[in-house]
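S.K.: All chains should be modelled from the sequences, with the hints used to inform the complete structure.
Protein chains: 2
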Amino acid sequence: MDAGRIVDTALKLIDEVGIQALTLRMLADTLNSGTATLYRHFNGKDELLALVGDRILGEVRVAPEELEGLSWRDAVTVAAEAFYSTLCRHPNALSLLAAQVPVGPNALRGRERLITLFLSHGFPVGLAARAFTAIGHYVIGFAIQQHGPGAPGPEDQGQLRDYYHSLDPTAYPATTAAADELTSVPLHEEFRFGLDLLLSGLEQSGLSSSPEPEDARGH
Amino acid sequence: MDAGRIVDTALKLIDEVGIQALTLRMLADTLNSGTATLYRHFNGKDELLALVGDRILGEVRVAPEELEGLSWRDAVTVAAEAFYSTLCRHPNALSLLAAQVPVGPNALRGRERLITLFLSHGFPVGLAARAFTAIGHYVIGFAIQQHGPGAPGPEDQGQLRDYYHSLDPTAYPATTAAADELTSVPLHEEFRFGLDLLLSGLEQSGLSSSPEPEDARGH
DNA sequence: ACCTGAACACCGTTCAAGT
DNA sequence: ACCTGAACACCGTTCAAGT
Numbered sequence: 001m002d003a004g005r006i007v008d009t010a011l012k013l014i015d016e017v018g019i020q021a022l023t024l025r026m027l028a029d030t031l032n033s034g035t036a037t038l039y040r041h042f043n044g045k046d047e048l049l050a051l052v053g054d055r056i057l058g059e060v061r062v063a064p065e066e067l068e069g070l071s072w073r074d075a076v077t078v079a080a081e082a083f084y085s086t087l088c089r090h091p092n093a094l095s096l097l098a099a100q101v102p103v104g105p106n107a108l109r110g111r112e113r114l115i116t117l118f119l120s121h122g123f124p125v126g127l128a129a130r131a132f133t134a135i136g137h138y139v140i141g142f143a144i145q146q147h148g149p150g151a152p153g154p155e156d157q158g159q160l161r162d163y164y165h166s167l168d169p170t171a172y173p174a175t176t177a178a179a180d181e182l183t184s185v186p187l188h189e190e191f192r193f194g195l196d197l198l199l200s201g202l203e204q205s206g207l208s209s210s211p212e213p214e215d216a217r218g219h
Numbered sequence: 001m002d003a004g005r006i007v008d009t010a011l012k013l014i015d016e017v018g019i020q021a022l023t024l025r026m027l028a029d030t031l032n033s034g035t036a037t038l039y040r041h042f043n044g045k046d047e048l049l050a051l052v053g054d055r056i057l058g059e060v061r062v063a064p065e066e067l068e069g070l071s072w073r074d075a076v077t078v079a080a081e082a083f084y085s086t087l088c089r090h091p092n093a094l095s096l097l098a099a100q101v102p103v104g105p106n107a108l109r110g111r112e113r114l115i116t117l118f119l120s121h122g123f124p125v126g127l128a129a130r131a132f133t134a135i136g137h138y139v140i141g142f143a144i145q146q147h148g149p150g151a152p153g154p155e156d157q158g159q160l161r162d163y164y165h166s167l168d169p170t171a172y173p174a175t176t177a178a179a180d181e182l183t184s185v186p187l188h189e190e191f192r193f194g195l196d197l198l199l200s201g202l203e204q205s206g207l208s209s210s211p212e213p214e215d216a217r218g219h
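Sequence lines, in order, name chains Y and L.
The UniProt record's numbering numbers the first residue of the first sequence as 1 and each following residue consecutively.
The UniProt record's numbering numbers the first residue of the second sequence as 1 and each following residue consecutively.
It should be emphasised that the hints constitute simulated quantities derived from the structure, not laboratory data.
Be aware that one or more of the hints could be misleading.
Note: identical chains are not told apart, hence a pair may lie in one copy or across any two.
As the list claims (entries may be wrong) - Lysine to any residue pairs mimicking SDA-like chemistry, simulated, CA-CA at most 25 Å apart: (1) Lys12 to Gly44; (2) Lys45 to Val17; (3) Lys45 to Tyr163; (4) Lys45 to Leu108; (5) Lys12 to Phe42; (6) Lys45 to Thr86; (7) Lys45 to Gln159; (8) Lys12 to Glu59.
M.R.: Following this line, the structure appears as structure tokens:
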């Protein structure tokens, strides 16, 4: 029994039953072992969960060829979309990526690639670092809030709409007026809307300072 | 013993010892009561924690006069800053606001006010709803990732910088080059950077559609 | 009617005892 | 040297028994 198989099994169980329901006994049973054996490979549950978090980041795959010839804006969009769609594949495990600056090997690799992307398109290092932080936080934060445990799934959007509509229109005129718009937009579109806002803002901030608007969109 | 006092005490304990360490026994002891009594007021720990989350949202205070005469961009900035600074006051409780669309009374009040703000400045209802979602998710997502449990506090930024610097510059050229920039920017400034990107993007998206650029900045 | 001591099934973690 | 059964202190939750 190697550490990798334990982490893989833990992620699979979390995907199936949720992170609250994952138990070291359950994990040990699935591996035909005992809980005490797990402690030979990890210092405790927290350390194991951190490795599961990095394991998820390792699933993000963007082939270098995919980004070739793209403008920085299109390239960042492709990378952010790949990141987001990976996170959506593990809604039950998302909370593992909150509440800490990920420093596992896969987190390092992803950070390196995105910062490199900005630098290679002429962003000064300070702007590249802050753009990375803003976009990284946005992607993870959005995924956690829309897909995390307890969040209404696509089929619960209807319930949320009914709830907004059931409010007193005198007390909540704006919310009831926007009820349909708040609940009808597909989550992926909602994600793209905010991402595009960030990138438009970044594009604009570049006009007054340094990053090249060379390599313009659409080829 | 009323429900409000239980929620207040729970939040105080979470602020002090963290959300993982909060125990119903600890909470009951602090209230000079027993755990079974708590179940007379809440269906279980999850329901109690949801109320603590809404209790935090109730701390966000923005006086209507503060927003008077401001451009929509400045008004949204004031509101987002007030929201963010409230969240920063309860770092140990932030995870309560992730992973669900908040629908408590204070969440409703805040949503109503921000959507009203957009509508009153001429945003079409669809754009107002998506702008609300994007900004709300950004504020909460950013706060959780920078201040949540396990996240390095300001004093740990130095440790993170040392860690980035200790990496092999051949394997991680961009990360080591950006190490100082990734760890030296004050968190509040980093928050403002991303918020400004979102608002700039929103401003730009308005130019090609409908929201009035009337009420221009700076008065 | 309202409260609660004591129990229940379960958790993460440890360690002496096995192989 | 590596594994693990059984125990430890603790958790959220329940309910019969108290007032």
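S.K.: Now tell me, hint by hint, if it's right for this structure.
M.R.: Do the hints match the structure? See the list:
1. When the C-alpha separation of Lys12 and Gly44 is checked against a cutoff of 25 Å, the pair qualifies only within one copy, where the shortest distance is 19 Å, while the shortest distance between copies is 28 Å.
2. For the identical chains of this complex, Lys45 and Val17 are neighbours both inside a copy (17 Å) and across copies (19 Å), given an alpha-carbon limit of 25 Å.
3. Taking the closest pair of Cα atoms, Lys45 and Tyr163 come within 25 Å of each other only across two copies (24 Å); inside a single copy the shortest separation is 38 Å, beyond that limit.
4. Within a single copy, Lys45 and Leu108 get their C-alpha atoms as close as 22 Å, which meets the 25 Å cut-off; across copies the closest is 36 Å, which misses it.
5. Taking identical chains as interchangeable, the C-alpha atoms of Lys12 and Phe42 lie at most 25 Å apart only when both belong to the same chain, with a minimum of 18 Å there against 33 Å between chains.
6. Taking the closest pair of Cα atoms, Lys45 and Thr86 come within 25 Å of each other only inside a single copy of the chain (23 Å); across copies the shortest separation is 31 Å, beyond that limit.
7. In this homomeric assembly, Lys45 and Gln159 come within 25 Å of each other (Cα to Cα) only across copies, at 24 Å, whereas the closest approach inside a single copy is 35 Å.
8. In the homo-oligomer, the alpha carbons of Lys12 and Glu59 lie at most 25 Å apart inside one protomer (13 Å), although the nearest pairing across protomers, at 39 Å, exceeds that limit.
Hint compliance for this structure: every hint is met.
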